[in-house]
Amino acid sequence: MTEFIQATAFGLLIGGVYALFASGLTLIFGVMKVINIAHGALLILAAFLAFTLWDQFGLDPLASIVITAPAMFVLGWALYVTAIGPLRSAPLSSTVLLTFGLALVFEAVMGLIWGNNSRAARPSYFDQSFDLSGIILPKAQVYAAIVAVLVLALLWLFLNRTWTGRAIRAASANMQGAALVGVNIARVSALTFAVGLATVGAAGSMVSVLYPFLPGSHYIWIARVLSIIVLGGLGSLQGAVLGAMLLGLAEVYTQTYISTEWATAVPYVLIFVVLFFRPQGLMGTRLREDVAV
Amino acid sequence: MRGSKGHPGRSRLWFAALALAATALIAAGCGGDDDDSGDSSEPMTVGLSLPLTGEFSQPGKAAKQGYEVWAETVNEEGGLLGRQVELEIKDDGSDQNTVVADYNALIQKDDVDLLLGTFSSLLNLPASAAAERNRMLYVEPAGGAPEIFERDFQYGPFFTQQATADHQGDLFAEWVLALPANERPKTVAYAVLDDPFTVPVVDALRATFDEAGIENVYDETYPVSTSNFDSIANSIKSENPDMVINGSQFEDGIGFRRSLTKVGFEPKIFFQTNAPSFGEQYSDGVGVENTEGTFFAISHTPDADTPGNAEFVDKFEQKFGEPPAEDAADAYAAGQVLQAAVEGVGSIDDQLALADWLRENSVETILGPLEWEDTGAPIGEFLIGQWQNGTAEIVLPEDAATSDEIIAVRPQAE
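So the sequences go chain by chain: B and H. Under the numbering used here, residues 1359 to 1651 are what the first sequence spells out, in order. Under the numbering used here, residues 196 to 609 are what the second sequence spells out, in order.
Derived EDC-like pairs: lysine to aspartate or glutamate, alpha-carbon spacing no greater than 20 Å straight-line:
#  : chain 1 : residue 1 : chain 2 : residue 2
1  : H       : Lys-304   : H       : Glu-327
2  : B       : Lys-1497  : H       : Glu-484
3  : H       : Lys-432   : B       : Glu-1361
4  : H       : Lys-432   : H       : Glu-410
5  : H       : Lys-432   : B       : Asp-1489
6  : H       : Lys-510   : H       : Asp-500
7  : H       : Lys-285   : H       : Asp-305
8  : H       : Lys-381   : H       : Glu-434
9  : H       : Lys-432   : B       : Glu-1619
10 : H       : Lys-285   : H       : Asp-306
11 : H       : Lys-510   : H       : Glu-267
12 : B       : Lys-1497  : H       : Glu-461
13 : H       : Lys-432   : H       : Asp-414
14 : H       : Lys-381   : H       : Glu-369
15 : H       : Lys-514   : H       : Glu-281
Quick caveat, the hints were computed from the structure, so don't treat them as lab data. As the structure is a prediction and not an experimental result, all values here were calculated from the model.
Based on the provided sequences and hints, a complete structural model is requested.
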């Protein structure tokens, strides 16, 4: 029983952090129907920013969110204006190609600035754990999960309790309808992309303390984050949270009860099974193709 | 629309004319380069592809630095067969398909004179096959997986480290088995990255320890995409083994070591492949206080008393402002081996002759003397290092040791 509780605790802690990693991607897809392949590279970019703030100025990596999130918000807005916006009405494949190209550019830029060396922030708690009667809870993971829940709660409040947030949700549900009632779609799209990247900024701060990373690490993360939003339902924030929790638990249960060798394969089997019965994902909405455009 | 679909006969004529023109151009290009050795005013182009981006960009960058220092050194000494060496480096993005395309392009399109290898067994496996198909000598600084040398190739690959992966832990295993009975570990746990290099290292250690009766209490292989090691570390902790063997590359090795500390488990004996050989990057990643007593297999140390090593280290530090990583030294040694073969034969026209020269001769490198079996597998002993007082020391074999003592029980475990 202790083993099960321990595995569940690890899974939920990992899932909480994954949820934040995926929230920006699903938000951007929901409104703009853009699959941002550069999401992983931007996550690593934010991790490098957080690492530098810790390394040069001693700023705690989790506290550095107050800088990385706004910095990534600004970058998101700039990226939207210069690259994503002009392709907003282009086919999905064009934006996939564009954002894949951006991922490669960001990887190269990170290599030029920080080199191809592996980094990992080591605040005082990085290798410490809470021990609750034999249940180990790594402090960094606990703190990161708490911060992730706070950021996700703020995001939920923003989307549900502010007019701007409601405009984003309206655009996500029906872009033409939102435009008809006066929502400025171009502005909402830019804001969504920037807010999505702000969540990436917060997530990157967590990566810097939880995992060693280098510029090429983004491939692993984009694969994982895409899996989460497909599992949860593209465009659904609640779905991303649920998908992240399930993926985190599936990874750890597989490591504990089946084999570490299958730990990253079993979650994909889970996705296959879910999509077989619910092609729209766990929380996705199934639309008639003729009205979905 | 009509133009694109109509007049198939005319299209065929155009295609035939273009093909003829292309053939004529290729023939002209080939005809102008009858002598592969070239004259001394032409540079000697050495082609290679490295993982400068992607998962293996860490060793890829280090290898690039090592190759660059080698080329500079050769050129300062008058070049190779009197010709200045020019490196033609491509980025394979850590991808097996791209690395093959790169080497094919280097040979067939860029018409390079010589080849040098890439990094990791995963990439050298297909890259060496591309070289073999094109009848080019292949000298590789990494790629010690035994399967690489089981293909009856003629042109290589010649692996420029002291031993293949399955022998890299030999001296460590001998040391463990020679410990007094009360210090010898009774139980062992294995956590291995699923990689053609790490698996054979650990397979060989496991076979030796199984035979010696050391009980295997945990044995798992993890995929390259693994990021979370907390539950693996916790499972190992629950088995409380005396010794932990981690077959790792780099990032996974750091993550695994951090997780052991996080769950509060310190084995008496801890061996990792690769990761601890990255010097400060390793100690920065795991915390220098957590490095004490960690064993690792390594091919090079900046302090080694081998011919040319001090000059290499000096030059590297002047150029890059830091001591060379092991991978940089391995790449430099690969350059030295290629250079020895070319100078030994005196020509690059017959690349099979270069390969045969390496089969028959030993080469002095900064890693020490290297020699090979007919398959290209090296015949030698790998060094064993151990982190002591925040420094990576060589502890085995005794004649290469930079430290007089070996920490038998890690202080954190006491």
